[in-house]
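Sequence order for the protein chains is R and W.
Residues 385 to 840, numbered by the working numbering, are exactly what the first sequence covers, in order.
Residues 385 to 840, numbered by the working numbering, are exactly what the second sequence covers, in order.
These are calculated hints, taken from the structure and not from any lab test.
Heads up, a few of these hints could be off.
Repeated chains share a single entry, so a pair holds when one copy, or any two copies, can fit it.
To be verified - Straight-line alpha carbon distances no greater than 25 Å define the calculated PhoX-like cross-link-like pairs of lysine-lysine that follow:
{"id": "1", "residue 1": "Lys483", "residue 2": "Lys764"}
{"id": "2", "residue 1": "Lys796", "residue 2": "Lys456"}
{"id": "3", "residue 1": "Lys735", "residue 2": "Lys613"}
{"id": "4", "residue 1": "Lys738", "residue 2": "Lys662"}
{"id": "5", "residue 1": "Lys738", "residue 2": "Lys613"}
{"id": "6", "residue 1": "Lys740", "residue 2": "Lys613"}
{"id": "7", "residue 1": "Lys662", "residue 2": "Lys735"}
{"id": "8", "residue 1": "Lys419", "residue 2": "Lys796"}
{"id": "9", "residue 1": "Lys520", "residue 2": "Lys389"}
{"id": "10", "residue 1": "Lys662", "residue 2": "Lys740"}
{"id": "11", "residue 1": "Lys738", "residue 2": "Lys520"}
{"id": "12", "residue 1": "Lys555", "residue 2": "Lys837"}
{"id": "13", "residue 1": "Lys823", "residue 2": "Lys760"}
{"id": "14", "residue 1": "Lys735", "residue 2": "Lys654"}
{"id": "15", "residue 1": "Lys555", "residue 2": "Lys415"}
{"id": "16", "residue 1": "Lys656", "residue 2": "Lys735"}
{"id": "17", "residue 1": "Lys735", "residue 2": "Lys424"}
{"id": "18", "residue 1": "Lys740", "residue 2": "Lys656"}
{"id": "19", "residue 1": "Lys622", "residue 2": "Lys735"}
{"id": "20", "residue 1": "Lys837", "residue 2": "Lys553"}
{"id": "21", "residue 1": "Lys720", "residue 2": "Lys823"}
{"id": "22", "residue 1": "Lys772", "residue 2": "Lys555"}
{"id": "23", "residue 1": "Lys483", "residue 2": "Lys738"}
If you want the building blocks of each chain, they are given just below.
Number of protein chains: 2
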Amino acid sequence: MNDLKQYIETHKERFLEELFSLLRIPSVSSKTEHKPDMLKCAERWKELLFAAGCDCAEVHPTEGAPVVYGEKIVNKNAPTVLVYGHYDVMPVEPLELWKTSPFEPTIIDGRIYCRGANDDKGQSFMHAKAFEYLLKNNELTCNVKFMLEGEEEVGSKNLYTFCEQNVEKLKADVILVSDTSMIDSDTPSITVGLRGLTYLEVEVTGPNHDLHSGLFGGAVANPINILCKMVASITDEKNRITIPHFYDDVLTVSNEERALMAKAPFNEEKYKEALDVKELCGEEGFSTIERTGIRPSFDLCGIWGGYTGEGTKTVLPSKAYAKLSMRIVPNQDPDKISALFQQHFEAIAPKCVKVKVTPHHGGNAYVSPIEMPAYKAAEKAFEETYGKMPIPTRSGGSIPIISGFDKILNTKSLLLGFGLEADAIHSPNESYKLEHLFKGIETIVWFYRYFEKKKS
Amino acid sequence: MNDLKQYIETHKERFLEELFSLLRIPSVSSKTEHKPDMLKCAERWKELLFAAGCDCAEVHPTEGAPVVYGEKIVNKNAPTVLVYGHYDVMPVEPLELWKTSPFEPTIIDGRIYCRGANDDKGQSFMHAKAFEYLLKNNELTCNVKFMLEGEEEVGSKNLYTFCEQNVEKLKADVILVSDTSMIDSDTPSITVGLRGLTYLEVEVTGPNHDLHSGLFGGAVANPINILCKMVASITDEKNRITIPHFYDDVLTVSNEERALMAKAPFNEEKYKEALDVKELCGEEGFSTIERTGIRPSFDLCGIWGGYTGEGTKTVLPSKAYAKLSMRIVPNQDPDKISALFQQHFEAIAPKCVKVKVTPHHGGNAYVSPIEMPAYKAAEKAFEETYGKMPIPTRSGGSIPIISGFDKILNTKSLLLGFGLEADAIHSPNESYKLEHLFKGIETIVWFYRYFEKKKS
C-alpha cells in the first residue's frame, strides 16, 4: 500500500466523523425554516478548513446563506486552484420513502445514506482531505482556495454577487468542482458539458372559492382540468417543446460529436431495469444520451390542487399549481427561455381562468474545454487511480454558477465528479459509496501532482 | 305572529344550541381518524330524536358509520313520511381558507358558519323541529320515521344494506329529503332531478424512484407530464367527454323541457360575478343550467405529485395522482361509466408508465315525478311561507342513495331543499342562513298539513 492509501486507511474513522458532522446539519436551502442550519453548516466548514490546514477561513454573510472561503497560499508564483462546492441540500420529502433518517448518516453495505452524502457535502469534502494530505506530506506546490456556498440548489443568487465583489481574491488557474457523476465504478469519466436550467411556478385560478363539483361541474372552468390541458400542450407528440422560438438558439451538435457520444458505454436494458420502466420516452430522433446531454427538456417537478387527502371529496377547486423546470443547452439563455414560457403560458390561457407565472432561478449551460492543462492533469489522475483514461461526457444536470464563473471570474471549471446514478441524489435514500469517497480523495491528490507539472 | 312563528321565536336559542351540538362533532366520513366522531354524532341525533318526541330512537351499527333510526306512529292507517338526512360532513381542507374554526359554529351577519351548517346537519335538523312542533301542538296526523346516515359523502354503501334489511320498517308514502338548494332567498324551488356520480382515483408511475430532473429529464417519462396529457385528453375542444361509449345511454331531453328550463330565473352576469370569472366554460351547445342539470361532466377534484413545498426542487418524480369525478345523468349507469373510464384510461396509457385506477363510490341520477301528492303538498307549503309557488329545477349535484330508495324501498323522494349556492357547501366557510333554517321549519310544518289532506 502506498503512502496515500495508507494515510486514508489510518484516518478513515476521523474523515467519516468529520463528514458526518456536516451531514447531520439539515441545511435545506429552499426552506426558510432552515436558515439557522445554513449558518451552522457554514461555521462547521470553516472549522474543517482550518483543521485541514488553511491559513485563513472565513464565513461571509450574504443576503441569503453565507459563503465560506478559505485559502493556503504556498507561493505567489505557483499555480492556483479554486475549489468550489456547496453545503446546501435538497428538501427530503417524501419523508415516508426514506429507509433511514434523512439527516443521520448511516452506513449500509459500503454506502453512506444521508441527504447530502453525495450532493454535495460528500463530494466537496474529498477536496479538503486531499488538500490535508498534500499539506501534511509537504507535497503541496499549488495555492489552494476553497469557496463553499449554501444556495446552489436554489440558483446561487448571492454567489454571483460574492464573485463580482471578490474577483481578485478568487483569481485562479482553474476551478475544481466535484458535483457530478461518473459512468460507473469501473468507468471514470469527466463531465465536459452541463445543461442549463429555467425553473418556474404557475398558478391557475378558476372560481374565487372551492365549489361543489355537482352543482357547478360542467359549467365553470375547473382550474385542475385547465392546468392539465395547458401543460399537456407544452410538449407535442414527438416530445418537442411547443413554446414558439424555444429552439431558436439551440446549438446544433455536429454528426461527428454525436458519433463520439454514441461510443460511451450505455446499456439501455440495464438503464430501464434500474428504473423499472418498460420503455424510455423522449424527443424523437435522439438517443437517450443525447436527450439528456445535448437536448432541452420540460419536466413538471410538482403539481397540486383540490382535495388530496384520504378517500373522496367532490370539489371543483378554486386553484391549481405546478412547479416546472426546463433544462436548456448551450447558447440558450435562461432569462429569455423563462420569458418565452411566461408569454406562451399567458397566451394559451383560456379566458375562463386567471394565470400567474412566477420565475424561480435559472442558469446557463456550460461546455468545458478538453484541451486545457487541468483537463489533461485530471485524465492522468484518473489513470493512476482507476487504471484507465476517463471518458468525456455531457451531463443533463445543471450547475448554473459554472457558466457564471466563466463570465465573472474568467476562469474555466473542471468537473471532477465521483457520483453514480445509483446514488439517488435529490431523491429519498441519497447515498455515496465509501469506495468513491476514498478513491475520490486519491484522484484529487494525483490531480494536484500532475497539474503542477503541467503548469510549470 | 301566528302560533308557528311564535313557537320558533320562543325556542330559537334552544334550537340553535341543539343544532350546534351536532355541528361541533367533526363527523368527516372520508377519514378513518374520525370514526369515533361518527358514533358520537349518531348518539347525539338519537338523543335529539327522543327529545323531539319519537317513541323509539336507535343507533344501528353497520360495517361503516352507524344509521340512526327513530319513529312516531300516530295511526297505522295514516300516511307515513320517512325523513332522510345525513350527519356526516365533507373534509374541511384547505384549513387556511376558513375564516372561523370549521367545527365551531359561529353566527356572523345572520349566517351560521360551520362545516355541516347546511350540508346536511342544518337542513336535516329542521325536520326534527317541525316534527316537534306538530307533535306538541297535537297537529301530527302522519306517521313520521327518521333515518340519518353517516356515509352520504362517501357513497352510502352501508345504507343500501340497511335499507335492504329493513324494507318493512322503512315503509312510507314518501321520503322527505332536505339536502339541496333553492334558486334564491325569494325564489323557492323544488329539485326534481339530480345527477348521478362516478368517483375514481388514478395513479401514474414512471420510474421506480424520484429522479434528478437534470440527469434524467427528457429521457425518462415524467408521470406528472403523462398524467396531465392523459387527463387533458378526456375532454375535447368542445368540452365533450372522449371516453368511447360514454354518451351511449344519456337520455335526450326534449326541446319542450329545455325550453321550460330556460324560463328559470338565471342571471349569468351575477353568476360570473359571484365566482369572479370572466367567462363560463362547458359543453358546446348547452346553456349553463343545462350543463349542470341534464349533461354529464368530468372534473378533477384533486391532483398531486412531486415537490409541492416552498421554493424549488428539481425532481422527476416517481408517481403522480389524481382524484376525479364524473357527474352522470338519467339512464347512465355509474358502474358501467366507471368501467368505461378504467378501460379507456388503461388503453391510452403510454408504455413508459404504469397506471392504476381505483373506483370509489358512485350513484345513479334521479328524476322526481311532479305529479305525486307529496310534490303538490310541497308546492302549497312553499306558497304559505314564501307567498309564491316553487319552481321545479334540476340540480347538478348527486345524492346517490335517492335512486337506491326508489329501487330498494319502491318509494319516491321529495327534495325539499333550503340551501343557497352562497352557502359554499363542500368548501371552506360553509354557512347556512338563519332565515332559511327557520323558514325551512315553517315550510316543513305546512308540508305535513297539506300532505295529510292530499292523502286522506
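Okay, the hints, checked on the actual structure:
Taking CA atoms no more than 25 Å apart as the test, Lys483 paired with Lys764 passes in neither setting, with 38 Å inside one copy and 67 Å between copies. Taking the shortest alpha-carbon separations for Lys796 and Lys456, only the intra-copy value of 20 Å comes in at or below 25 Å, while the best inter-copy value is 89 Å. Taking CA atoms no more than 25 Å apart as the test, Lys735 paired with Lys613 passes in both settings, with 14 Å inside one copy and 21 Å between copies. In this assembly of identical chains, the alpha carbons of Lys738 and Lys662 lie at most 25 Å apart only when taken from different copies (9 Å versus 38 Å within one copy).
Taking the shortest alpha-carbon separations for Lys738 and Lys613, both the intra-copy value of 14 Å and the inter-copy value of 21 Å come in at or below 25 Å. Taking the shortest Cα distances, Lys740 and Lys613 sit within 25 Å of each other both inside one copy (16 Å) and across copies (21 Å). Proximity of Lys662 to Lys735 under the C-alpha cut-off of 25 Å is restricted to the inter-copy arrangement: shortest distance 6 Å between copies versus 39 Å within a copy. In the homo-oligomer, the alpha carbons of Lys419 and Lys796 never lie at most 25 Å apart, since the shortest distance is 31 Å inside one protomer and 63 Å across protomers.
Within a single copy, Lys520 and Lys389 get their C-alpha atoms as close as 14 Å, which meets the 25 Å cut-off; across copies the closest is 96 Å, which misses it. Proximity of Lys662 and Lys740 under a CA criterion of 25 Å is satisfied inter-copy only: 16 Å between copies versus 36 Å inside one chain copy. Within a single copy, Lys738 and Lys520 get their C-alpha atoms no closer than 63 Å, and across copies no closer than 55 Å, so neither meets the 25 Å cut-off. Taking the shortest alpha-carbon separations for Lys555 and Lys837, only the intra-copy value of 20 Å comes in at or below 25 Å, while the best inter-copy value is 99 Å.
In this assembly of identical chains, the alpha carbons of Lys823 and Lys760 lie at most 25 Å apart only when taken from the same copy (19 Å versus 88 Å across copies). Taking the shortest Cα distances, Lys735 and Lys654 sit within 25 Å of each other only across copies (17 Å), while inside one copy they are farther apart (47 Å). In this assembly of identical chains, Lys555 and Lys415 lie within 25 Å of each other by CA distance neither inside one copy nor across copies; the values are 32 Å within and 61 Å between. Taking CA atoms no more than 25 Å apart as the test, Lys656 paired with Lys735 passes between copies only; the shortest distance there is 12 Å, against 42 Å inside one copy.
Taking the shortest Cα distances, Lys735 and Lys424 never come within 25 Å of each other, neither inside one copy (49 Å) nor across copies (47 Å). For the identical chains of this complex, Lys740 and Lys656 are inter-copy neighbours only, at 20 Å across copies versus 37 Å inside a copy, given an alpha-carbon limit of 25 Å. Taking CA atoms no more than 25 Å apart as the test, Lys622 paired with Lys735 passes between copies only; the shortest distance there is 15 Å, against 28 Å inside one copy. When the C-alpha separation of Lys837 and Lys553 is checked against a cutoff of 25 Å, the pair qualifies only within one copy, where the shortest distance is 24 Å, while the shortest distance between copies is 98 Å.
Taking the shortest alpha-carbon separations for Lys720 and Lys823, neither the intra-copy value of 41 Å nor the inter-copy value of 61 Å comes in at or below 25 Å. When the C-alpha separation of Lys772 and Lys555 is checked against a cutoff of 25 Å, the pair qualifies neither within a copy, at 32 Å, nor between copies, at 87 Å. Taking CA atoms no more than 25 Å apart as the test, Lys483 paired with Lys738 passes between copies only; the shortest distance there is 24 Å, against 41 Å inside one copy.
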